[in-house]
Amino acid sequence: MPSLDKTNSSNISTGLEKLETLLKTLKLFEEDRVKTFEDWSFSEDEKCSISEMAKAGFCFTGDMSKDDDSATCFVCGKVLDGWENTDDPWIEHQKHSANCQFVKMRRSEDELTVEEFLDLFKHISRQYLTNQYKKKEAVFIEVVQNIREIIKNQQF
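Position 155, counted from 1, in the sequence shown is what UniProt numbering calls 155; the numbers after and before it change by one each time, with no gaps.
Be a bit skeptical, because a hint or two may be false.
Within a straight-line C-alpha distance of at most 25 angstroms, the following computed SDA-like cross-link-like pairs (lysine to any residue) qualify [claimed, not checked]:
1) Lys136 - Glu149
2) Lys18 - Asp110
3) Lys135 - Cys59
4) Lys35 - Lys78
5) Lys18 - Phe117
6) Lys122 - Arg106
7) Lys95 - Asn85
8) Lys35 - Asp81
9) Lys135 - Arg148
10) Lys47 - Lys18
11) Lys135 - Ile91
12) Lys122 - Thr72
13) Lys47 - Asp32
14) Lys55 - Leu26
15) Lys134 - Leu26
16) Lys55 - Ser13
17) Lys95 - Thr72
18) Lys122 - Glu92
19) Lys95 - Thr36
20) Lys95 - Glu84
21) Lys47 - Asn99
22) Lys135 - Gln145
23) Lys47 - Asp88
24) Lys122 - Gln145
25) Lys104 - Lys122
26) Lys134 - Gln154
27) Lys95 - Ser43
28) Lys35 - Ile151
29) Lys122 - Lys47
Keep in mind the hints are simulated off the structure, nothing from the lab.
All chains, please: the whole structure from these sequences, using the hints.
Shown next, in the form of structure tokens:
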């Protein structure tokens, strides 16, 4: 019987580690989104600060060495760029993606219930799967077009 407890404990630990890794990957927590903004050009005393960007659900996905200040919502996947120091990330998010579940909630993560976190997780998962499907579909369409072209160019 003791080995069963050890096994269960090990399985729980492994499951929790996997969950933590998944949550960090999905940027569900604000602190993980903040970490993506290493090279952000605006200071904390400006409206478009790192902390405000993360609170509004954005992760930095650009490349500042190429003057690309793109930021992507961790829930809806909306990408915005061309940020100015006076931009309010919440207002910009609302303006460009009003149907985003995170925008609709418009609350800090410490105000969200477990049920609301699970709802966000559901939306993130749906968005992720949709994006993966679109990528696979694009590859499939390209392969089909190439095959059609090969068949069309064959002489019988």
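Verification of the hints:
Distance check on the hinted pair: Lys136 and Glu149 sit about 20 angstroms apart at the alpha-carbon level, within 25 angstroms; holds. Restraint check for Lys18 and Asp110: satisfied, since their Cα atoms lie roughly 22 angstroms apart, inside the 25 angstroms limit. Between Lys135 and Cys59 the CA atoms are separated by roughly 21 angstroms; this keeps the pair inside 25 angstroms, and the hint holds. With a CA separation close to 19 angstroms, the supplied pair Lys35 and Lys78 stays within the 25 angstroms bound.
With a CA separation close to 17 angstroms, the supplied pair Lys18 and Phe117 stays within the 25 angstroms bound. Taking the CA atoms of Lys122 and Arg106, the gap is about 17 angstroms. The hint holds against a cut of 25 angstroms. A distance of roughly 17 angstroms separates the Cα atoms of Lys95 and Asn85; the hinted pair therefore holds under the 25 angstroms criterion. A hinted pair counts as satisfied when its Cα atoms are at most 25 angstroms apart, and Lys35 with Asp81 qualifies at roughly 18 angstroms.
Restraint check: the Cα-Cα separation between Lys135 and Arg148 comes to about 20 angstroms, which is no more than 25 angstroms; the hinted pair holds. Restraint check for Lys47 and Lys18: not satisfied, since their Cα atoms lie roughly 35 angstroms apart, outside the 25 angstroms limit. Between the alpha carbons of Lys135 and Ile91 the distance comes to roughly 30 angstroms, so the proposed pair goes past 25 angstroms and is violated. Under the criterion of a C-alpha separation no larger than 25 angstroms, the hint pairing Lys122 with Thr72 is consistent with the structure, at around 18 angstroms.
Note on Lys47 and Asp32: the hinted pairing holds, with a Cα-Cα distance of about 20 angstroms set against a maximum of 25 angstroms. Distance restraint check for Lys55 and Leu26: the Cα-Cα separation of roughly 15 angstroms lies within the 25 angstroms cut-off, and the hinted pair is therefore satisfied. Between Lys134 and Leu26 the alpha-carbon distance is near 19 angstroms, which keeps this suggested pair within the 25 angstroms criterion. With a C-alpha separation of about 30 angstroms, the suggested pair Lys55 and Ser13 falls outside the 25 angstroms cut-off, and the hint is violated.
Pair hint Lys95 plus Thr72 holds up; C-alpha atoms about 14 angstroms apart against a cutoff of 25 angstroms. Proposed proximity of Lys122 and Glu92 is supported: the alpha carbons are some 23 angstroms apart, at most 25 angstroms. For the suggested pair Lys95 and Thr36, the alpha carbons sit about 23 angstroms apart, so the restraint of at most 25 angstroms is met. Proximity of Lys95 to Glu84 is assessed by CA-CA distance (about 15 angstroms); at most 25 angstroms being required, the pair is judged to hold.
Under the criterion of a C-alpha separation no larger than 25 angstroms, the hint pairing Lys47 with Asn99 is consistent with the structure, at around 23 angstroms. A threshold of 25 angstroms between alpha carbons decides the hint, and for Lys135 with Gln145 the separation of about 16 angstroms falls inside it, so the pair holds. The straight-line distance between the Cα atoms of Lys47 and Asp88 is roughly 6 angstroms, inside the 25 angstroms bound, and the hint therefore holds. Taking the CA atoms of Lys122 and Gln145, the gap is about 34 angstroms. The hint is violated against a cut of 25 angstroms.
Between Lys104 and Lys122 the CA atoms are separated by roughly 15 angstroms; this keeps the pair inside 25 angstroms, and the hint holds. Distance hint between Lys134 and Gln154 is unfulfilled; the C-alpha atoms sit about 30 angstroms from each other, more than 25 angstroms. At roughly 23 angstroms between alpha-carbon atoms, Lys95 and Ser43 fall within 25 angstroms of each other, so this suggested pair holds. For the given pair, Lys35 sits about 50 angstroms from Ile151 by alpha-carbon distance, which is inconsistent with the 25 angstroms threshold.
In summary, the hint linking Lys122 to Lys47 is not supported, as the alpha carbons are separated by about 30 angstroms, beyond the 25 angstroms threshold.
Checked against the numbered hints listed earlier, the structure breaks hints 10, 11, 16, 24, 26, 28, 29; every other hint is satisfied.
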